[in-house]
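Participant: In case you want the letters, here they are:
There are 4 protein chains.
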Amino acid sequence: MAFDKFKDECGVFGIQPYCEAANLTYLGLYALQHRGQESAGLVAAEQGRLTCYKRMGLVADVFSEAALRDLTGDAAIGHVRYSTAGESRLENAQPILITSHHGQIALAHNGNLVNAVQIRESLERSGSIFSSTSDSEVILHLIARSSAAEIEDAIVEALAQVSGAYSAVFLTADKLIAVRDPHGFRPLAMAELGEAKLFASETCAFDLIDAKFLREVEPGEMVIVNERGMVRSLFPFEKKPTRQCIFEHIYFARPDGLMFGESTQAYREALGMKLAEENPVDADLIVPVPDSGVCAAIGYSRQSGIPLSFGLIRNHYVGRTFIEPKQSIRHFGVKIKLNPVRSLIEGKRVVLVDDSLVRGTTSRKIVKMVRQAGAKEVHMRISAPPTTHPCYYGIDTPTRNELIASSHSIDEICRYIEADSLAYVSREGMFSSLQGSRQEQYCDACFSGNYAVPFPKNGAPV
Amino acid sequence: MAFDKFKDECGVFGIQPYCEAANLTYLGLYALQHRGQESAGLVAAEQGRLTCYKRMGLVADVFSEAALRDLTGDAAIGHVRYSTAGESRLENAQPILITSHHGQIALAHNGNLVNAVQIRESLERSGSIFSSTSDSEVILHLIARSSAAEIEDAIVEALAQVSGAYSAVFLTADKLIAVRDPHGFRPLAMAELGEAKLFASETCAFDLIDAKFLREVEPGEMVIVNERGMVRSLFPFEKKPTRQCIFEHIYFARPDGLMFGESTQAYREALGMKLAEENPVDADLIVPVPDSGVCAAIGYSRQSGIPLSFGLIRNHYVGRTFIEPKQSIRHFGVKIKLNPVRSLIEGKRVVLVDDSLVRGTTSRKIVKMVRQAGAKEVHMRISAPPTTHPCYYGIDTPTRNELIASSHSIDEICRYIEADSLAYVSREGMFSSLQGSRQEQYCDACFSGNYAVPFPKNGAPV
Amino acid sequence: MAFDKFKDECGVFGIQPYCEAANLTYLGLYALQHRGQESAGLVAAEQGRLTCYKRMGLVADVFSEAALRDLTGDAAIGHVRYSTAGESRLENAQPILITSHHGQIALAHNGNLVNAVQIRESLERSGSIFSSTSDSEVILHLIARSSAAEIEDAIVEALAQVSGAYSAVFLTADKLIAVRDPHGFRPLAMAELGEAKLFASETCAFDLIDAKFLREVEPGEMVIVNERGMVRSLFPFEKKPTRQCIFEHIYFARPDGLMFGESTQAYREALGMKLAEENPVDADLIVPVPDSGVCAAIGYSRQSGIPLSFGLIRNHYVGRTFIEPKQSIRHFGVKIKLNPVRSLIEGKRVVLVDDSLVRGTTSRKIVKMVRQAGAKEVHMRISAPPTTHPCYYGIDTPTRNELIASSHSIDEICRYIEADSLAYVSREGMFSSLQGSRQEQYCDACFSGNYAVPFPKNGAPV
Amino acid sequence: MAFDKFKDECGVFGIQPYCEAANLTYLGLYALQHRGQESAGLVAAEQGRLTCYKRMGLVADVFSEAALRDLTGDAAIGHVRYSTAGESRLENAQPILITSHHGQIALAHNGNLVNAVQIRESLERSGSIFSSTSDSEVILHLIARSSAAEIEDAIVEALAQVSGAYSAVFLTADKLIAVRDPHGFRPLAMAELGEAKLFASETCAFDLIDAKFLREVEPGEMVIVNERGMVRSLFPFEKKPTRQCIFEHIYFARPDGLMFGESTQAYREALGMKLAEENPVDADLIVPVPDSGVCAAIGYSRQSGIPLSFGLIRNHYVGRTFIEPKQSIRHFGVKIKLNPVRSLIEGKRVVLVDDSLVRGTTSRKIVKMVRQAGAKEVHMRISAPPTTHPCYYGIDTPTRNELIASSHSIDEICRYIEADSLAYVSREGMFSSLQGSRQEQYCDACFSGNYAVPFPKNGAPV
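Residue numbers (numbering that gives the first Met the number 0), protein chains in the order written: chain Y, 0 to 461; chain P, 0 to 461; chain G, 0 to 461; chain Z, 0 to 461.
Keep in mind that the hints were calculated from the coordinates and are not lab data.
Beta carbons are placed, not taken as given, at the ideal position from N, Cα and C, and that holds for glycine.
There's no promise every hint is true.
[Said to hold, decoys possible] Which residues of chain P face chain G? A partial, calculated answer using Cβ under 8 angstroms:
| hint | residue |
| --- | --- |
| 1 | Asp69 |
| 2 | Ser99 |
| 3 | His100 |
| 4 | Gly126 |
| 5 | His140 |
| 6 | Ala143 |
| 7 | Phe236 |
[As the list claims (entries may be wrong)] Listed next, the in silico EDC-like pairs over lysine to aspartate or glutamate satisfying Cα-Cα at most 16 angstroms (straight line):
| hint | chain 1 | residue 1 | chain 2 | residue 2 |
| --- | --- | --- | --- | --- |
| 8 | G | Lys211 | G | Glu237 |
| 9 | Y | Lys367 | P | Asp209 |
| 10 | Y | Lys334 | P | Asp209 |
| 11 | P | Lys334 | Y | Asp209 |
| 12 | Y | Lys364 | P | Glu194 |
| 13 | Y | Lys336 | P | Glu439 |
| 14 | G | Lys364 | Z | Asp209 |
| 15 | P | Lys364 | Y | Asp209 |
| 16 | Z | Lys367 | Z | Glu345 |
| 17 | G | Lys334 | Z | Glu345 |
| 18 | Z | Lys367 | G | Asp209 |
| 19 | Z | Lys336 | G | Asp209 |
| 20 | P | Lys336 | Y | Glu151 |
Taking the hints into account, I'd like the entire structure generated from these sequences.
Facilitator: Next comes the structure, spelled out in structure tokens:
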């Protein structure tokens, strides 16, 4: 008996008290859409009664005007979930709303628990019923089993039993509770709007609705907001070293945010500059791989003095339901998204800048496409170290076997993608480019294999 | 009796003979999606029988796998249409497929006829029935009225009676016919794929499907493709001076294309450089207004030496069905699309680069937003001359009254948008930045009021 | 060049002036749903501006609350259309709304024109464009071609050129016009509600909305209702003998109506009594074939004294999208609709009463099913004469070849359907059962081949 | 803490082993559609893996061809659920599929448990989480809590703790299990098709798919079907007096079935005859209230010799999404469903026959409608005794306060509905009309208040 899927990257949001809580949550999820395109949902509380609405799809498709009109009340939490092929199902969408002897509780969870399989097996043996394959449901069962009188104590009891990553918001009849695991793997920020308190995975959700960013929820902290917006803060868990996810900065977060004390965009430009400093190349043109490589490419161009042009154009209308022609069209999967600009590229020595190189297959197609558009040389530069290890704390990376850097040297990868040269930012460079935070506060397990929390063999994605 | 709406910008596509003609047309429309998000449709010909499929919506939503499966045959034309508030209706979607004594004829039309109202009134007086408010339907009625034996002669007869802009593809039981009006206002390019010949508004449609760009259809040319892909070219109309649309280059076309002998992206970068040369400013940071101002901003940064950063982040998930909160949130309309990056902007003297300034209302909001994010100074630079006149040849510009530059000086506009300075590229600069084409070949009526084709008073959008 | 499909049975409705005209029309179409399940639509006029809304599907599915909310105005006409396999398309749905030099005109038409193909070919030769394959569109083209100053004169001019069946309602900017062809093949009734005047194919549409039935529109009459509900009546056509459709009474109309001066239900009961009188049988039980045979079965039971039971139960939830199992299940097509009640039938001599026997295939399955449920004998009685000829005036009967009675004797049909006996009502019996109307007023071409209006060879469904 | 809704009438189906198990289940649900129009669902087992598919809506709308294609495997159970205003939600749809330490178990349940609230509260206190407000979920939690090694033992352990009504089918990785509560309140029949065994709430589900009815599952019996279709039968519960629901016969069941050893239709006709015998009236015409009063009306007519006509016509296209006009139209709610046939009714002394009179409001409207259609007298006859008590065992009757017969004499009711006379079948007549079963085997609590199973005060619908 095993779970279908444990890993997922997600976005969470919560607000209380605010007259249009559901509508603001909808807007917040809109801003967090890049963190999960599979499903979206929200739970709103009206006079102590919680109602859940969730569907598969993008935020704009999930919520109709009629749906939002029905989600009345002055407290709400919301969730967007990442899409991975096949195993996505409505049962796994969040928030999860349950009824227990503590009353109604809703949970929106970002992160991944490494001991969920073990706890689930034990709960099932003593009679619990699971209705999803999500690890998040384990937390709710543990809360339901707790005999603590206060809901916040039940939550603490439950979370004390799980290990791994969680940045979570809970909603009850009268409380909005935000918690971040002791390592603080995943982000969780806090803001205010009038008397309302808000939580979101990223600060861009606050910007959209003109809420004022206050601070991050700290690793190991539980913040409890009551019906009048008053705040209590607890640190109920055993203290552990902070291990914030460096990959959020490099790849996942929207650039227009503050996270872990850094400006994401400034950091990405700095990585691009460091990349140019560590790995210069004699070339004519910097071309970003859109959209993720743009900030680093700007940094690379600034540091190297080589001009930048958008030599690869992205088709912004590409959706997930694209119907492929039956006849083979070369490199079709990439072509539908990217088109090289021959007039800019032809005859040039081109430096492609991207923020990651995972399996190598896409990079290989892009290099070929750029060469066919007339580039004399194609140099690939990656604004991160080689990705050698999977993430067990909430980012849906491929298994180790699929990570090309886990088993191949940089030279071998360069030959595979058929580039003239390939280089990555060094681990040192990655950390020295930080401005407001320190190396020790970060988890870089995907680059180093240094896992802060051990995981049971059968619980981990291999 | 008047038409609801004459002006529309659109994209057209055609292919014959190709075994998966409808599927390739679908892909072509995907690449042309930026030219029209209101409706999409295609007509496919199977053994001389034409079938039409069109719907309101984006290409990805309009076509299901089942729909494409049913659209068999080895010839097809397609169309995407631009959305303008309110007046969009399925009746006005294209291609239009009709039956006349010439048999079935389908039309996909880009451009605007200036004498359509007059012709329509005359046709109605003699008993014609119109089922849409589109000017394109006039062309089909004129064809139906023609007693010419050959369909191409009937088309020539019909087009000889209209004036204005048309880049059009026709499909009949056995012919694919592409025509461009004598002034050549709107683009139309030609390609081949195996023995098939293809036409599209922009070359990016060919890139996606690996078709080989051959040349542009020339102003006043009619190209007739038979069932085996053989081509005849005619110039059946009175010769007129070429007047290609400069605004396609500046704003409308996808940057990754060749049009009118120019690389769109290279031209936009050159405009940005010219803008910097003509209108320098002592500043710390160049920030493009995404996505349209990006290429010009790169040029401005390159010429001025001032570093560029993406200080405004665009939310790519914004769709048209966005549900607004009831409570007022400041500048909401712009905020949902753009978010400033305070950490990059704070304390800086910022140059915003955009490709157009039409009513001034959006620019005003963006300037305010950037200032609130901490900019010390905000300078606006526009990579086009002031837009002073509406377009009657196929681009849906506002009426003259709404164009702020038609009645206000640059200084007045600058005060209105509350910028520290405002400057545009000069008309001379706009033309001298061209590389492969000459000023005389262009229509710049929207900047100059020099209309190549006169328009009857009641036919024109005032 | 030929039409896809000429024949269709339909329902029409019209009302003016009434504040909720579209909503009442929707209700009227609801009551007329049995006359057409393929498509439904309505045109509403608000201050002289006509708007059309039509879709494929049942009335309840076609109209949403939002759609009705948008169809404002105090005049409306509506239409439901019959579904026949394959050839149903949105283009053929009604009402048809067009713009001509007479302004906007909408038409909802019930009936079939026998010379539509000839007129269409001639219109196309002189430059008309057709956008559907419906014969009704011909009427609108003829109106558009008319130079008459008044719209009613243009309608008269147009209708004077067509021959065949039409009961039609027209809506213009200010008039509601109802017309019935000189033979009066199809029904059309008139009612009032306050100052509003209403027209409908059947009186049940009036009952639903508490409108007061006034009279039938007479054969050859045109009734013109102005904006204040005032009525003018004209008889602008050459007078012809009345030929109302007897099949409406026998089969098509809803039983709870008055039509052609008869109560449909009373007539059906009388037919059942006549059937029993003409064709008695020594039996134990009368079983109606639901739902169409119920009234006649009551009459048969009453006349014969043999008790009636509902020995065949109909599944009222059967829709048209039923998904068949792959594995063969005997008689499945009929079984999903009808189930015999073994406990009632077993050991009995059963008389099945139905209102028609067209191809014989369904009757054959029902006889077998009843026999398998234990009937000792199965006698089939049909409350109409044998159907030997197709209808060219608006009822979608099969072609002559498919009508089993056109080429087989009653004995042969009886053997084919494997009944113990088979009998029909005689033509004399059919007419002598009428109470308020006379034989001469009826068209019974489907039973006799006496066609009142000749039809051109290539125009007729063979 | 209380449940939203405990009472529901439903239909269940199960089959194993059969290659197209899901498709046959779909067909079975089609035949059982009258038992529940709110939601439909099925769980199919493919090689020991269970998959659930359920939606709100009618069977024909819930299941698409694609959905059925995906529900592979050779065992399936299905469920349709009754719609009651407001409280219907997808969470309450069935079958319910859960994962426990016994593996996957699916349940489709018809009936109502009277002690579910108490058990639920106790389970929640010890940490169980409920995801619906359905009483059926309680059964699954009790199974999950059981430590029995075999799933059938766990089911017996669970059911031994609940009291009330259940006719249920369970599906596990390899077993199909049918159970009926010791009183046998609700029906459950058994059939075979090849080697497959089938269960259904009514035998009409077997007729549709040509399965052979074997027998009813007996009160207190558990039937276990293994993967090869072999059957074991157990009687694991304490024996109790049989109390089958007489209301199924009178009202709820489809007439074309055998249930509790009776032919439903024959019983209804016998009730009609008894009604005429006990309550004769001097009248001209029997008119059934369609559809439910038809069988009794036939019996009444047969016994009394008064002719029967369908003087009230039902609109079969009425759906639940009917859009009402804003302006008041008299009796609209009933008129959209029923229309009187004036020509049959006018001047007659009419006997209306119906199978129940619950609140009296609908009967009152029908009497008025028939009188307005010209009836000289209107006599109401009900083929059941007065409904004085609510059902706690699975039929969704109104609360006692709403049952007019609970607080008013027959005379008072007669005055309220404004009939000339009103009469019911007597309790004795109701039982003496049975042919194959005896009074003692029936629950008639809704007519007598004799509840076989006591219910806790707060668990019962008041």
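Participant: Each of the hints needs a verdict: does it hold here or not?
Facilitator: Cross-check of the supplied hints:
no.	hint	in the structure
1	Asp69	13 angstroms, violated
2	Ser99	6 angstroms, holds
3	His100	4 angstroms, holds
4	Gly126	4 angstroms, holds
5	His140	6 angstroms, holds
6	Ala143	5 angstroms, holds
7	Phe236	22 angstroms, violated
8	Lys211/G to Glu237/G	30 angstroms, violated
9	Lys367/Y to Asp209/P	14 angstroms, holds
10	Lys334/Y to Asp209/P	9 angstroms, holds
11	Lys334/P to Asp209/Y	9 angstroms, holds
12	Lys364/Y to Glu194/P	27 angstroms, violated
13	Lys336/Y to Glu439/P	36 angstroms, violated
14	Lys364/G to Asp209/Z	15 angstroms, holds
15	Lys364/P to Asp209/Y	14 angstroms, holds
16	Lys367/Z to Glu345/Z	13 angstroms, holds
17	Lys334/G to Glu345/Z	38 angstroms, violated
18	Lys367/Z to Asp209/G	14 angstroms, holds
19	Lys336/Z to Asp209/G	14 angstroms, holds
20	Lys336/P to Glu151/Y	38 angstroms, violated
This entry does not satisfy hints 1, 7, 8, 12, 13, 17 and 20, going by the numbered hints stated previously.
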